[in-house]
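S.K.: Line by line, the protein sequences give chains A and B. Under this note's numbering, the first sequence has 85 at position 85, and the numbering climbs by one with no breaks. Under this note's numbering, the second sequence has 1097 at position 97, and the numbering climbs by one with no breaks.
Hints were generated in silico from the structure; no laboratory data involved. Hints should not be assumed to be uniformly reliable.
As the list claims (entries may be wrong) - List of simulated lysine-lysine pairs, BS3-like, C-alpha gap at most 30 Å:
no. : chain 1 : residue 1 : chain 2 : residue 2
1   : B       : LYS1037   : B       : LYS1068
2   : A       : LYS71     : B       : LYS1098
3   : B       : LYS1057   : A       : LYS62
4   : A       : LYS62     : B       : LYS1098
5   : B       : LYS1022   : B       : LYS1071
6   : A       : LYS27     : B       : LYS1110
7   : A       : LYS44     : B       : LYS1068
8   : B       : LYS1058   : A       : LYS44
9   : A       : LYS51     : B       : LYS1037
10  : B       : LYS1057   : B       : LYS1068
11  : B       : LYS1110   : B       : LYS1037
12  : A       : LYS44     : A       : LYS27
13  : B       : LYS1022   : B       : LYS1068
14  : B       : LYS1071   : B       : LYS1037
15  : A       : LYS51     : A       : LYS71
16  : B       : LYS1022   : B       : LYS1110
17  : B       : LYS1022   : B       : LYS1042
18  : A       : LYS44     : B       : LYS1022
19  : B       : LYS1110   : B       : LYS1042
20  : B       : LYS1098   : B       : LYS1042
21  : B       : LYS1071   : A       : LYS27
22  : A       : LYS27     : B       : LYS1037
23  : B       : LYS1037   : B       : LYS1057
24  : B       : LYS1110   : B       : LYS1098
25  : B       : LYS1057   : A       : LYS27
26  : B       : LYS1042   : A       : LYS27
27  : B       : LYS1042   : A       : LYS44
28  : B       : LYS1058   : A       : LYS27
29  : A       : LYS51     : B       : LYS1057
30  : B       : LYS1042   : A       : LYS51
For reference, the chains in residue letters:
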Amino acid sequence: NAGVMQNPRHLVRRRGQEARLRCSPMKGHSHVYWYRQLPEEGLKFMVYLQKENIIDESGMPKERFSAEFPKEGPSILRIQQVVRGDSAAYFCASSPGQGDAEAFFGQGTRLTVV
Amino acid sequence: GENVEQHPSTLSVQEGDSAVIKCTYSDSASNYFPWYKQELGKGPQLIIDIRSNVGEKKDQRIAVTLNKTAKHFSLHITETQPEDSAVYFCAGNTGGFKTIFGAGTRLFVKA
């Protein structure tokens, strides 16, 4: 059973470009969470999705950021018109249910905006 | 909302000694507390968790304690080894959908 798969592992974008980060949850998991980690800092919640639904996006900036988890395919975190402050590691986690179900993380995508 | 505070931010111990990391939480409704270990360049890995109906849980050299009255929980690592060196995160969850993480503790185990 493969773990949570994120790609790409590293992504370099110029200011103003778009970044697309992909996350395939573990088999059987229907809940996906995205977190952002700045260097030397903790994990900040961004968004929680179930298939075709955004449940909580309270941690995601209102502009330029969007997330989806379609019926088929991976979850996508999309950042439009990237700025240098978007440079961070973005982690996806999945769980079979909400609440106290164990969440498993992917290896992350390290976004660098130049 | 839930707020999780973690101390210390950095911890250095000699190989073979014990390490203790402490966390406090604010939301009394929190009922699930996982601990994650993150090695350099990797994603966080769940190492142990505890639910609010349990006061202590142990798994080999790792143990976690929970004091619901005081709203704090701790991670104990005994007989530390160099491979225990990593960043450790505590977290709290109210049974809803959002796990809130502490800021992390960077553990150094000196050989």
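S.K.: Taking the hints in turn, state whether each one holds.
M.R.: Quick rundown of the hints versus the structure:
no.	hint	result
1	B:LYS1037 x B:LYS1068	holds, 23 Å
2	A:LYS71 x B:LYS1098	holds, 22 Å
3	B:LYS1057 x A:LYS62	violated, 40 Å
4	A:LYS62 x B:LYS1098	holds, 18 Å
5	B:LYS1022 x B:LYS1071	holds, 11 Å
6	A:LYS27 x B:LYS1110	violated, 39 Å
7	A:LYS44 x B:LYS1068	holds, 24 Å
8	B:LYS1058 x A:LYS44	holds, 28 Å
9	A:LYS51 x B:LYS1037	holds, 28 Å
10	B:LYS1057 x B:LYS1068	holds, 14 Å
11	B:LYS1110 x B:LYS1037	holds, 18 Å
12	A:LYS44 x A:LYS27	holds, 25 Å
13	B:LYS1022 x B:LYS1068	holds, 14 Å
14	B:LYS1071 x B:LYS1037	holds, 22 Å
15	A:LYS51 x A:LYS71	holds, 6 Å
16	B:LYS1022 x B:LYS1110	holds, 21 Å
17	B:LYS1022 x B:LYS1042	holds, 23 Å
18	A:LYS44 x B:LYS1022	holds, 19 Å
19	B:LYS1110 x B:LYS1042	holds, 21 Å
20	B:LYS1098 x B:LYS1042	holds, 22 Å
21	B:LYS1071 x A:LYS27	violated, 34 Å
22	A:LYS27 x B:LYS1037	holds, 23 Å
23	B:LYS1037 x B:LYS1057	holds, 17 Å
24	B:LYS1110 x B:LYS1098	violated, 35 Å
25	B:LYS1057 x A:LYS27	holds, 28 Å
26	B:LYS1042 x A:LYS27	holds, 20 Å
27	B:LYS1042 x A:LYS44	holds, 16 Å
28	B:LYS1058 x A:LYS27	holds, 28 Å
29	A:LYS51 x B:LYS1057	violated, 33 Å
30	B:LYS1042 x A:LYS51	holds, 26 Å
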